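**Q** Build out the structure end to end from the sequences listed, making use of the hints.
These protein sequence lines are chains A and B, in that order.
The opening position of the first sequence corresponds to residue 2 in my numbering, with each subsequent residue numbered one higher.
The opening position of the second sequence corresponds to residue 2 in my numbering, with each subsequent residue numbered one higher.
One or more of the hints may lead you astray.
Said to hold, decoys possible - As a list, the in silico DSS-like pairs of lysine-lysine whose alpha-carbon atoms are at most 27 Å apart:
| no. | chain 1 | residue 1 | chain 2 | residue 2 |
| --- | --- | --- | --- | --- |
| 1 | B | K245 | B | K319 |
| 2 | B | K483 | A | K412 |
| 3 | A | K245 | A | K319 |
| 4 | B | K45 | A | K412 |
| 5 | B | K45 | B | K412 |
| 6 | A | K319 | B | K412 |
| 7 | B | K412 | B | K483 |
| 8 | B | K319 | A | K483 |
| 9 | A | K45 | B | K45 |
| 10 | A | K319 | B | K483 |
| 11 | A | K45 | A | K319 |
If you are wondering where the hints come from, they were derived from the structure by calculation, not from laboratory data.
Keep in mind that this is a model prediction, so the values were computed, not measured.
There are 2 protein chains.
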Amino acid sequence: MSIAAEPAARRRSREGGRRRDGEGPRGIAQLPWQQPRRAFPPMKLVCDDQLETMHEASLVLLEEIGMDVVLPEARDIYARAGAVVEGERVRIGRDIVAAAIGLAPAEFTFHARNPAHSIRIGGDWIAFSPVGGPPNCSDLDHGRRPGTLADNQNFIRLSQFFNCIHTSGGGSTDALDIHARVRHLHIGRAKIRLSDKVLYTSSTGRERLFDGIEMARIARGITMEQMMAEPSVFTVVNTNSPLKLDGPMAMGIIEMARLGQITCVTPFTLAGAMAPVTVAGALVEQNAEALAGLVLNQLSKPGAPFIYGGFTSNVDMKSGAPAFGTPEYMKAAIIGGQMARRYNLPYRTSNTCAANAVDAQAAYESVFSLWGAIMGGGNLIIHAAGWMEGGLVGSFEKFVLDIDLLQMIEKFLEPLDTSADALGLDAMREVGPGGHFFGCAHTMVRYSDAFYAPLISDWRNFQQWQAAGSPEAWHKANGLWKAALAEYQEPTIDAAIAEELDGFIARRIAEGGQPTDF
Amino acid sequence: MSIAAEPAARRRSREGGRRRDGEGPRGIAQLPWQQPRRAFPPMKLVCDDQLETMHEASLVLLEEIGMDVVLPEARDIYARAGAVVEGERVRIGRDIVAAAIGLAPAEFTFHARNPAHSIRIGGDWIAFSPVGGPPNCSDLDHGRRPGTLADNQNFIRLSQFFNCIHTSGGGSTDALDIHARVRHLHIGRAKIRLSDKVLYTSSTGRERLFDGIEMARIARGITMEQMMAEPSVFTVVNTNSPLKLDGPMAMGIIEMARLGQITCVTPFTLAGAMAPVTVAGALVEQNAEALAGLVLNQLSKPGAPFIYGGFTSNVDMKSGAPAFGTPEYMKAAIIGGQMARRYNLPYRTSNTCAANAVDAQAAYESVFSLWGAIMGGGNLIIHAAGWMEGGLVGSFEKFVLDIDLLQMIEKFLEPLDTSADALGLDAMREVGPGGHFFGCAHTMVRYSDAFYAPLISDWRNFQQWQAAGSPEAWHKANGLWKAALAEYQEPTIDAAIAEELDGFIARRIAEGGQPTDF
Chain A
2 MSIAAEPAAR
12 RRSREGGRRR
22 DGEGPRGIAQ
32 LPWQQPRRAF
42 PPMKLVCDDQ
52 LETMHEASLV
62 LLEEIGMDVV
72 LPEARDIYAR
82 AGAVVEGERV
92 RIGRDIVAAA
102 IGLAPAEFTF
112 HARNPAHSIR
122 IGGDWIAFSP
132 VGGPPNCSDL
142 DHGRRPGTLA
152 DNQNFIRLSQ
162 FFNCIHTSGG
172 GSTDALDIHA
182 RVRHLHIGRA
192 KIRLSDKVLY
202 TSSTGRERLF
212 DGIEMARIAR
222 GITMEQMMAE
232 PSVFTVVNTN
242 SPLKLDGPMA
252 MGIIEMARLG
262 QITCVTPFTL
272 AGAMAPVTVA
282 GALVEQNAEA
292 LAGLVLNQLS
302 KPGAPFIYGG
312 FTSNVDMKSG
322 APAFGTPEYM
332 KAAIIGGQMA
342 RRYNLPYRTS
352 NTCAANAVDA
362 QAAYESVFSL
372 WGAIMGGGNL
382 IIHAAGWMEG
392 GLVGSFEKFV
402 LDIDLLQMIE
412 KFLEPLDTSA
422 DALGLDAMRE
432 VGPGGHFFGC
442 AHTMVRYSDA
452 FYAPLISDWR
462 NFQQWQAAGS
472 PEAWHKANGL
482 WKAALAEYQE
492 PTIDAAIAEE
502 LDGFIARRIA
512 EGGQPTDF
Chain B
2 MSIAAEPAAR
12 RRSREGGRRR
22 DGEGPRGIAQ
32 LPWQQPRRAF
42 PPMKLVCDDQ
52 LETMHEASLV
62 LLEEIGMDVV
72 LPEARDIYAR
82 AGAVVEGERV
92 RIGRDIVAAA
102 IGLAPAEFTF
112 HARNPAHSIR
122 IGGDWIAFSP
132 VGGPPNCSDL
142 DHGRRPGTLA
152 DNQNFIRLSQ
162 FFNCIHTSGG
172 GSTDALDIHA
182 RVRHLHIGRA
192 KIRLSDKVLY
202 TSSTGRERLF
212 DGIEMARIAR
222 GITMEQMMAE
232 PSVFTVVNTN
242 SPLKLDGPMA
252 MGIIEMARLG
262 QITCVTPFTL
272 AGAMAPVTVA
282 GALVEQNAEA
292 LAGLVLNQLS
302 KPGAPFIYGG
312 FTSNVDMKSG
322 APAFGTPEYM
332 KAAIIGGQMA
342 RRYNLPYRTS
352 NTCAANAVDA
362 QAAYESVFSL
372 WGAIMGGGNL
382 IIHAAGWMEG
392 GLVGSFEKFV
402 LDIDLLQMIE
412 KFLEPLDTSA
422 DALGLDAMRE
432 VGPGGHFFGC
442 AHTMVRYSDA
452 FYAPLISDWR
462 NFQQWQAAGS
472 PEAWHKANGL
482 WKAALAEYQE
492 PTIDAAIAEE
502 LDGFIARRIA
512 EGGQPTDF
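**A** Given below as structure tokens:
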């Protein structure tokens, strides 16, 4: 609750200090806010026949084995649609699945409190959401530690500061210094006050979910009626793989749909552990669980915005440890996209790694993940910045290293200019054989922004680099996130909205927030 | 010349010690020898119309500006085909280019002295060639230093040892302790004795080139007549961009063709320096220079095996330093592949980075490069392992880190098994909702090789990893290359061939090798 109590800091950041619009002294030269689009068709790793075989196997799973659904209300919804319910087991016939496909929008607008930061989900649009959920955070100065609200707020500030991040985050590190009953209220307030980008809400509890939705409504200053027509908050529901949907998850799928908000169902199908030891088998299970979620969601409100989530990876069969950014992960990410498009749904995938250090492993696992995500047609790429140790840590250095990777991908996605001027024949006429292009007219008008200027990469020659202390990427990242926090400016908010938000949060804290048994 | 003088070491490696076939104690568990194939269509970043626009601009360049060609013999060859020659300038009409297209094979076999290590070049085949050409080498134990023959030999051993490397290398680090006159003879001997994979020869001098071809012939134990029908050695010719072909390069293009050996012409088109500051312009220049090389090559011998080389990247416009693995590099790698396929030619690309350390930057620049190379349909991927600092250093740690990346790509390229058994419905029936797959029958028959087991990645949890001394990938790579050298076995060679090779080399050393002016 410290943010509004820092007027001096806010005044400084608004009225002076570094500016980002080129008026004042040059700060971090990041890319402008934009939402990248994929200008090429997504990659196919299986042919259409194979995809149909996997789709068909998912249907067999759902109708023959079925899902265990813990929430009675969810079982009732499935039953009313014709599913066979025995105890917790729900067997879902293929006709029920077929009826649910095609209702959800293939593409929709996700509304931010700042309309300039609203984004499109689906189609060829790509959105990057930062790391969500780790209990721990780390940085080079203070090491690995349980996350606090202060850390969480710094991740929100970084998510707001960097233009290539399109959401305010899903809890980049948990705020373990705040009791779980009211933690979501403190984090929700921080997201709305420190950022004006689109919002996430946790669905791990009915009060948490409804508080998150209400905070999003207040932030936008709209009625619930308008909000129901304008998706303004998203949640991620992980199934309890294999084939189980627990109470809070089913509740989230149902209530988000009823209120017209965005549900992303992401089965947690680690091949060899919670899913078959084959990528194909794990994808069949993923697909069955995602379809079960889609059915429940669309039965709750036909046409509710729904995102098909893929998170299939494998475990190390020697230790059981989860692995990320592997060849198996890449395949699953790409084929997951094929399945999502089979159902005309937006696709969620991730930027993952299992590394303990921000070293070469962290980078290659991340870029392999992004290769799968981008070529696979990912629309919402979660954990896009800062995710480490398979999700156990949100790292400040990894966050800004990922920012550099995401910006490179944004530049990679820009279609090539092949206009006559870009082809440069006149430049080649001017320079001729054996010359150089450093000073020619074609270069002079373009050189300042001809190429992506990385934030981390060190292109000095070895001697200069050594003279500078041989900084590795990890060290350079340490300086960058601190510079970004120094340069960060808190977005403005309408005073009435701020007051309503504070009032709501104070009341909900007084009421006890989300009941817990501890 | 120390290799044959080490019979004890060879006896040990042949008769005992560690084995690689699973009979003896387990060594480095690498993937088996195989040549990966691309099972999906290569990516297109420009549409066919844009590609034609760039092709057309290249033709305009060649006929209007032309190339400076230093070698009189080469100018004569162009002139006889109808090119307009004025001084060194050669203007090549589009009809001459058109006549050269379609003569070279789209796919061919590249013969190794061990037939089991012969490879296919072109089509959907992929071959990885290790780092070539740096004057320096480095490792964590001894730092960065000028390369020696001993270092060069260790890179050859690593290239032989690791199955995912398909050539004996192009001089992974230069052997600066050997005089340039005879260096190629020492390196050539090392490659043939320490490896039985396909060979590279330098074309930076007539004697060097012919010595390399003759050593390849001797190694295979065949006649020159047979060799002319069976490509057994390749060279890379870098044009002197922009639009200049120096003497040795033109000689190499001509003589390799006449002898039926493989020429890869790779323009060195760094956008903003030796090429226009736009990616499109740099690619037009690359394409013009590659086509000029193709014309000279095919005029010298129609149907000679030719590889279209792409190396377009950009420079840092602030410092002029070359940059690699950038978004611009990725685009150029992918569109370069589109151009090569436009001419039905095999495509050469690279695994590059500009990093000074084997850190996150080295890894992300490399994986971005490989993303471009693989999605762009690269057939021969040079500098695939060990290339650092934009080519100034061959790094032992980077070499084995890249081995892990290449193996991951080999696994990624394996088509997905979607057989009924792989779909795992029976496993899901056995396990059911809420269970786990660790012990089920489907897992038990597959677990040992279900997933790629990385050589470097550390998937231990943070506490175990910390207890082990928090090793970063760079440190783990240091242990791996030394373990690989310890496990390496020298391939057998026919005694008569070894004798002939030694005799040839002794004679050529006595004759003075390649004349130099120092």
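**Q** Against the structure, test the hints numbered earlier, and report the numbers of the ones violated in rising order.
**A** Numbers 2 and 11 - these are the hints that the structure violates, sorted from lowest upward.
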